[in-house]
Structures are given as structure tokens and as C-alpha cells.
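Peer 1: What follows is the residue order along each chain.
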Amino acid sequence: MTTDVFILMKFELIIAIVIFILLFVKVGSDGWSNKKTLNVINILLLINFIAGFFMNDDGTLFGDMFRTNDLISLEKNILNLGTLIISAQAYSWLKNHKHVLEFYMLLLSTLLGMFLMISAGNFLMFYLGLELSTIPLAAICNFDLEKRQSSEAAMKLIISSAFSSGLLLFGISLVYGTTGTLSFSELSPLLNGSELQLFAFVLLLAGFAFKISVVPFHLWTADVYEGSPVAVTSYLSVISKGAFLFVFVSVLYNVFKPIADTWYNMLFLLSVLTMIIGNLFAIRQNNLKRFLAFSSITQMGFILVGISGSSQMGPASVIYFLLIYIFSNLGAFGVIAFVSAITGKETMDDYKGFYKTNPFLTWVLTISLFSLAGIPPTAGFFGKFFLIMAGAGKGNYMLISIAALNMIISLYYYLKVVKAMFMDANDQPIEKLSIDTLPKLAMLICVAGIIVVGFVPAIYDYIYSLSLTF
Amino acid sequence: MNLSLLILIPLLTAILILFCKGIKQVRTIALVGSIVQLSVTLFLLFAYWQERATGNDSHMLFEFNQTWFDPLHINYHIGVDGISIAMILLTSFVVLAGILVSWNTQKMSKEFFFLLIFLSLGAYGYFISLDLFTLFFFLEIAVIPKFLLIGIWGSGKKEYSAMKLALMLMGGSALVFVGLLGLYFNTNTGDGSHTFDLLQIAQMHIPIEVQKIFFPFAFVGFGIFGALFPFHTWVPDGHSSAPTAASMFLAGISMKLGGYGCLRVATYLMPDAAQAYSPIIIVLATIAIIYGAFATMMQKDLKYINAYSSVSHCGFVLLGIGMMTQTSINGAVTQMVSHGLMTALFFAAIGMIYDRTHTRIAAQLGGLLKIMPFISTVFVLAGLCSLGLPGLSGFVAEMTVFMGSWQNPDALYRIATILSCASIVVTAVYILRAVGQAIMGPITDEHYNQLTDATWNEKFAAAILLIGIIAIGIAPFWLSNLISPGTKTIIEHTITTATLK
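If you're matching them up, the sequences are chains H and U in order.
Residues 3 to 472 (my numbering) are what the first sequence spells out, left to right.
Residues -15 to 485 (my numbering) are what the second sequence spells out, left to right.
The shape of chain H in the complex, shown without the other chains (with noise of 0.2 Å):
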């Protein structure tokens, strides 16, 4: 039983262990640089991510309230990685910053409530999880010290996830009303679809939905993605929403398999609205910010597609995915997170002629749009293929077409932004940036991934396998 604790328990116990060092350096290094705390973190953080390769282990503990297995192994490790590469590309923004190591502590506190909310076996401990994922996240979004957007931004995310997880635990108390269990595997054969019962899933679904942005309810993320430093929005929209896509899979696959085919409706709604309200929105933004805001939108409507497929690929695509979706979504971030630490400079007009002074980050971005865009040979053309994949085999044509339909309005906005760069011209162009070594090192790794992840099938094949275990 001890060493069980040790061994299932393995990647929150690091985290926490990284937490409580952080602490102690906090405590003893005041002639620290920052450089040098930056230095120590990432590697801290690559040990984190390298550790978690080894030594997993299936198995439940404290009754099933704590569950694990080789997919959530897998989950945790990309979100470790998303991790990594954020915080390898805060490095230009963190180095003169005062307060590096409260910055850590709050971001590596939200990773371990989003673990322990991956690895829950039952709804009480899911809350927790989700508690402690959010309220340290609403206090980084506030860390542009000076500006006040920015404790906007934080002051919106706490006031929606509030209402969000006021909603999740409505849900959650009908749910043992009706049942009189928040195990997840006891739940599923006591489900029987009453109209109580499926209030409950509605506002669960709310719930979710707030969190992952999908409209309606995505009304904070564009604001909250705006005033917030870009490392957080990059960690807002890629950690953040990816482990809650985790849980929300495997909760509708597990607990709410009975009542599937009142779901499949409510996704089928949900994600055209997400597509076409997302893609609306984003062709009429300026700020590089809000834009990946509401194409962030958009990919969840991308995804809940996939999920409404409800076989044994829907679970397999979201995950690999949300794996390329972390590389592009991030390879864009960064540059734009770069951009915005030295020169402030965030809108699309700002980004013309930009070309002709940055070639190198120009076509980081540019590869990681059109993985977004999903255009091969990126890698986002394999993710967003086998998505809308999933979807159609449940053969619904209807929402494959307007898929493909949002596919080219959503290419629209990005060749938008590539056009802005390489075609426009510009009098005052961004000047020519000279780039850190740990940003730089953390694009590359976003491009490599991109171009690498569709041509090696190994991956598919295996998160495949492990869908089986959902």
C-alpha cells in the first residue's frame, strides 16, 4: 500500500515536491538572478517531464477515488510537456520580472489540481481537482503587475469559473440525489436517463462547457485571453482546456454512456455553434490575442465533433489531437508571447512587413497557423482529419459538411494573418529581434513536433490502443 502511494501517485508527488523547493528557494536565494531561478525551473520542470516516463503503474487507491493508468499516464505527460514548452517560452517575458518563483509556485499548483482531476475516480474528488486548478490560475492571470487589464482578466476568470463550478456542483448534487453515489463506477449502471437525471447532465454540461469555452458559454475568453500575460493565455488555452477535455471525454464515455444518445444531440448543437459563432468572431479581430482566442473557440468545435462520434476513435483523435494542437497552438503563442515581451506590440497591422525583419519567427508562425488551419504536411491536417473522421462515423453528413465548411472560413483568417506578413507593406516594421536561447529552443521544438507527429503512425496507433481503456 505505501509504495502503491508512491508509484500511482508518482506525477503529483513531483509536482508538489518541485512546489516545495521552489519554497525553499524562495526562502534562501536572495542573490539569486533571475536568470539563474529561470535556469534551475526549467530544468526542475524537464526532470518533471523526463520522469514521467518511467515507472507507471495502473491501479486505484483510497477506495476509487484515485485512479490511473497508462492513458492518463499519457495525458499527464503531454500536459507536462505543454507545460515544459510554456515555460521555456516565458523566459524573454519572467527575466525581468520580480516575482518569478510565486509565478511558478500558483502555475504548478493549478497543474497539480488539473492531475488530480484527471486521475479522479469520483465526482468529489474531480471538485477538488477542479478548485485547486482554477483559483491559482485567475491569481496568475493578474501577474502584468502594472496593467490593468490584466487584474481584469483575472477578475473576470474568477467570476466565471465560480458561476461555472456553482453549476458543476448543482449538477453534482442531483446527481447523488438521484443515485446516491459519486463514484464514477458505480454511477454508470444507475443512470436511467429520468428527467432529474438529465437535468443534472445539462448542468454539468454547462458546467464543462464553461470551462473549455464553448458557446454560449464563451463569453470570458476573449477578454480574460486579452489582458492576461501571453504565457498564461498560452497556458489558458492549451493546459487549461486540454485537462478539462480529458475529464469531460472520459466522464461522457464512462459515467454518461446510458444516456449517449441524449448528448450526441446536445454536442451536435453545441459544437456547430462553437464552429460558426468562433470563426465569426475571429475574422473580425485585430489583436493576435483575442484572434487565437476565438480560433481556440473554434478548435473546440473542431473537437467536439470528435467527441460525438462516441467510438473507440473519438477519445483517440481528441487526444492526439489536442497532442498536435498543444505544438501549434503553442509554436503561435510563442512567437506572439516573444513579440509582445520586447516590443509591447500585439495587433495584426503591427505584424506587417514582418517578413522581411524576422524570417525565422515568420515562419514559426506561419507553420504553426497552418497547422492550426490543419493544411499538410502539418501535423494539425492528420489531427483535424481524423477528428472530423470520428464524427462521420456516427453518419451524420450534415455536421461533417458544416465542419468542412468552418474548416475554410476558419483557412480564411489565418492566411489573413500570413498575408499581413509576408505580402503587406510597412513603413515601421517590428525591427529585427534577436532571440533568447530557451524561446528559441522552445519554438523549434513546436515546429519539429509539427512537422514530425504525421508521419510517425506509431503515435496514432498507440494512443489508439489506449483509448481502449477509457
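Honestly, I wouldn't trust all of these hints.
Claimed, not checked - Quick list of in silico lysine to any residue cross-link-like pairs, SDA-like style, CA-CA up to 20 Å:
#	chain 1	residue 1	chain 2	residue 2
1	H	38	H	440
2	U	91	H	364
3	U	141	H	63
4	H	418	U	7
5	U	91	H	14
6	U	196	H	399
7	H	358	U	7
8	U	148	H	361
9	H	97	H	168
10	H	421	U	92
11	U	148	H	97
12	U	91	H	282
13	H	421	U	60
14	U	196	H	397
15	U	148	H	282
16	U	91	H	344
17	H	396	U	176
18	U	5	H	282
19	U	148	H	285
20	H	396	U	197
21	H	358	U	91
22	U	141	H	344
23	H	418	U	144
24	H	100	H	431
25	H	396	U	194
26	H	396	U	191
27	U	141	H	355
28	U	141	H	425
29	H	259	H	395
30	U	148	H	419
31	U	91	H	426
32	H	358	U	448
If you are wondering where the hints come from, they were derived from the structure by calculation, not from laboratory data.
Please arrange chain U on chain H, whose structure you already have, making use of the hints.
Peer 2: Showing chain U alone in chain H's frame:
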């Protein structure tokens, strides 16, 4: 022979270009790469003949099948028949000529040649694919380089044209995407699993109701690439804004992706639906032919003349496919090859003239034959091929399409054939008028006297394309022998499924 070479050589060339410094290295690598590619395709042609001579009469030769995504039954499956070889030959001729024509591109030359080579990679991969996933993958690869080529190096309202072209072509591929998924989920390999394999799907009998739903998706999707009326509007804008080499690639290669897809995927895999929708295809193709011809009459810009005439000429491809007789499909394939070579040559000549005179308006030119005899001769030859002069490839192709179309005795088909034939007269009018204005007559501008004739690279480029045009024009039998086993398989397939019903 290993067909993957056809993808690996351009890939290697493109990667090498990334590591080059200066225009001289870049263009040398690009030239060497495309010459090697041309030799490989010629070798492929001979290997194909040799294989056929030894009595190997399987549908596809040099097949290679490698699992890609096992759980989804997606394979990297490649192979060629005569039709694919004809298209591959066309591609390698046009690519080599395009590289030579852009020899002096100073602006961002590295990116320019990289994108050209990358575009050709998509085309090669597309023509050898026997798996619908692979095919779709390569089809989309060939779209985005065009956006950048037109938007960065183009002229006129280039950003608008680039965006329009990219969105319309992606719209086409989105339709194809839905069509392919629909096919996939209606296949059954025996154990309940699905397949993207083109040859396997051809052996299955997809229910006619399913075919009728998904045939329009696939056909219109590919049709957008092949300038199907009314989705042809990207053609004039895209072609006229593109830099010379990109126009050549667009007209010579990209539009052929559409025709090939209509034939190989839509018609071959869904023969019943193809029969059922044939009248609609015929009507649309005839409108494209006539509308394209009359629209060309109104154009003053040489590039627009050629672009609109491409709409008209590509109409013949779709007409041939829609007629569903072996001769007409033979004609359609020949027309694809012939039109590819001929428009590429035409655009090359127009590009050469524009580089020197800085105008493309036919009325502002004049008397060019006296100043630049070589370029003018090339221009006239391309024009004559376009209007279907015997001895050049255009005549062979259009004649075959008409013969095949006439074999279809239905009244509608007869009327369509007659109307399409009549368009040749219009073609003659606009071609001869353009030639008369631009090439013949007195020299309109005295500055033109200082202009020089073609340089070595331009001569070489024109010669390559002319060889192809004349080789088909004088001795068409080798091409028709090459493609007819492939078209025969397709047409027999439609007949057997028709009798099965």
C-alpha cells in the same frame, strides 16, 4: 521501379534549397533537381512500356503498399497506370520549363524556388496515390504554395486573387473531403472494417443511393480545381495575377489535378452515379466551353485571354469525362496533357513579352515579330495549338473528345457536341486577333526596338514544351496507347456495374 523516388527527389531538392545561399546556388539546385526528376519520369515511361511488353496486364504497375495509420486502415499505397504516367510526364515537363523561365527571379529567390518545388511534390504524390487519404493529403499540399506564390511574387490585385484562389480550392477540397469520408464509411472489406484503398473500393459495389449522395461532393470538389462552371471564377484572377512560373504551374498542373480526380475518384469509384449525373455534367461543361470562349473574346490583357481560354479548354476535359465513352475519356486525358503543355507555353511566352515590354495589353503591343522573332514564334505556335491546328497536340485532343462524344447517340449529348465544336470558331477568332495585334503589324512603340530576343534559358524552356506539343501532335498513337488501357479499365468498370443492376 520504386515510385517513391518521384516524391523523394523533389523533397530532397526542396530541402537542399533551404540550405543554399544566393540565387545562383538556389536555381542550380532547382534546375538539377527538376532535370533528374524528368529523367526519372522518362525512365518510368520506358519501364512501363517494358513491363507491358512482357505481358503484365494488371491495372496498376509498380505498386507499393505500406501501412500508415493501421487502426484506421489508412495506407500509403502508390502505383501507376498509363493515365498517371501521362500526367506525371506533363508535370515534369512543366516544372522544368517553369524553373527555367523564372531563372532571373531576384526577389526572395530561395523561397520562390522552394515553393515551386514543393508544389510539384504535391502534384507528383497526387498522381501516384492509390489510397484516397494519401491522394487527399497531396491534393491539399498543392494548394497553399500557390497562395504564397501569387500573393508575394504576383502582380495586379495579387492579394485578392491569392485569397480567392486559396479559399475556392480549399472549398473544393472540403467537398472532396466529405465525399471521401462518405465513401469510406460505406465500404466494407469483409470483416466490417472500412478502407480508403482506391482499387479495393472499385471492386466493391457501393449502393447506388450512397453513390448519388456522395458523387456530387467528389465531382464538384474536384471540378472546382478543374474550372467546372460556375466554380471557375478563381481561374482568370489567379492566373493573371500569378508570376509566370506560377501561372504555368496553375494551368499546366493544378487544373489537371481536378480533371484527374473527377476521372479517377468520382467516375471510377461511383460509376452508377456518374451515369445518372452525366447530363448535368455535360450541360455544365458545354456552358463552360462556350462561355469561356465568348468571355475570352472580350479580354484585352494577354494573360486574361489565356486564362479564360483555359476555362473553355478545360471544359473539354469535363465534357469528355461526362460523355462516358472510352474514346471521349481518352480524349479528355489527352486534352489534359495537351492543354497543360500548351497553356504553360502560352504563359511562358506572355511572361517573356511582359518582362521586356512591361505591358500585357494586346493593343499596346505590335510588331513584336520583327524585334523578338523567337518569342513571337513561340507565341504563335502556342496560339495555333490552342485553336486546334492539325499537327499540334490541341487538334488531336479535341478531335478525340468530339469523336468520343458523337458516339453517344442521345439528343442532348449530340447538341452538346455540336455546340462545343462550334466554339472552335470563336477560339480561332480570339487567338488570331491577339496574334494579329501583338505580334504582326507595325512596331507601335519605338522603345521596343531596343528589346532583345529570348535568352538561353527561355529558349530551352520553350523548346521543352514545344517538343511535347509536337510529339503528341504528329504521333498521337504513343500517348493514346499509353492511356487507353487505363481508360478501358474505367469504362469497362462502368459497363459491368451497369449490367449488374
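Peer 1: Are the hints correct? Go through all of them and say.
Peer 2: Verification of the hints:
For the given pair, residue 38(H) sits about 13 Å from residue 440(H) by alpha-carbon distance, which is consistent with the 20 Å threshold. Of the pairs offered as hints, the one joining residue 91(U) and residue 364(H) holds, with about 17 Å between alpha carbons and a cut-off of 20 Å not exceeded. Of the supplied pair hints, the one linking residue 141(U) and residue 63(H) is violated, its CA atoms being roughly 65 Å apart against a limit of 20 Å. For the proposed pair residue 418(H) and residue 7(U), the alpha carbon gap of about 29 Å is over 20 Å, so the pair is violated.
Between the alpha carbons of residue 91(U) and residue 14(H) the distance comes to roughly 54 Å, so the proposed pair goes past 20 Å and is violated. A hinted pair counts as satisfied when its Cα atoms are at most 20 Å apart, and residue 196(U) with residue 399(H) qualifies at roughly 14 Å. With a C-alpha separation of about 17 Å, the suggested pairing of residue 358(H) with residue 7(U) holds against the 20 Å cut-off. Pair hint residue 148(U) plus residue 361(H) does not hold up; C-alpha atoms about 25 Å apart against a cutoff of 20 Å.
Distance hint between residue 97(H) and residue 168(H) is unfulfilled; the C-alpha atoms sit about 38 Å from each other, more than 20 Å. Taking the CA atoms of residue 421(H) and residue 92(U), the gap is about 16 Å. The hint holds against a cut of 20 Å. The suggested pairing of residue 148(U) with residue 97(H) is violated, with an alpha-carbon distance near 44 Å, which exceeds 20 Å. Between residue 91(U) and residue 282(H) the alpha-carbon distance is near 35 Å, which puts this suggested pair outside the 20 Å criterion.
Taking the CA atoms of residue 421(H) and residue 60(U), the gap is about 33 Å. The hint is violated against a cut of 20 Å. The suggested pairing of residue 196(U) with residue 397(H) holds, with an alpha-carbon distance near 15 Å, which does not exceed 20 Å. Taking the CA atoms of residue 148(U) and residue 282(H), the gap is near 18 Å; set against the 20 Å cutoff, the hint holds. Between residue 91(U) and residue 344(H) the alpha-carbon distance is near 29 Å, which puts this suggested pair outside the 20 Å criterion.
Restraint check for residue 396(H) and residue 176(U): satisfied, since their Cα atoms lie roughly 15 Å apart, inside the 20 Å limit. The hinted pair formed by residue 5(U) and residue 282(H) fails the criterion: a straight-line CA distance of about 42 Å is larger than 20 Å. Distance restraint check for residue 148(U) and residue 285(H): the Cα-Cα separation of roughly 16 Å lies within the 20 Å cut-off, and the hinted pair is therefore satisfied. Simply put, residue 396(H) and residue 197(U) have alpha-carbon atoms about 16 Å apart, close enough for the 20 Å limit, and the pair holds.
For the hint pairing residue 358(H) with residue 91(U), the CA-to-CA distance comes to about 11 Å; that is within 20 Å, so the pair holds. For a cut-off of 20 Å, the pair hint linking residue 141(U) to residue 344(H) is broken: about 34 Å separates their Cα positions. A distance of roughly 11 Å separates the Cα atoms of residue 418(H) and residue 144(U); the hinted pair therefore holds under the 20 Å criterion. Between residue 100(H) and residue 431(H) the CA atoms are separated by roughly 30 Å; this puts the pair beyond 20 Å, and the hint is violated.
For the suggested pair residue 396(H) and residue 194(U), the alpha carbons sit about 15 Å apart, so the restraint of at most 20 Å is met. About 18 Å separates the Cα atoms of residue 396(H) and residue 191(U), which keeps this hinted pair within 20 Å; it holds. Distance check on the hinted pair: residue 141(U) and residue 355(H) sit about 18 Å apart at the alpha-carbon level, within 20 Å; holds. For the hint linking residue 141(U) to residue 425(H), the alpha-carbon distance of about 12 Å falls within 20 Å, and the restraint holds.
With a CA separation close to 17 Å, the supplied pair residue 259(H) and residue 395(H) stays within the 20 Å bound. As the CA atoms of residue 148(U) and residue 419(H) are separated by approximately 15 Å, the hinted pair is consistent with the 20 Å bound. Note on residue 91(U) and residue 426(H): the hinted pairing holds, with a Cα-Cα distance of about 15 Å set against a maximum of 20 Å. Distance hint between residue 358(H) and residue 448(U) is unfulfilled; the C-alpha atoms sit about 36 Å from each other, more than 20 Å.
Hints 3, 4, 5, 8, 9, 11, 12, 13, 16, 18, 22, 24 and 32, counting from the list given before, are not met by this structure.
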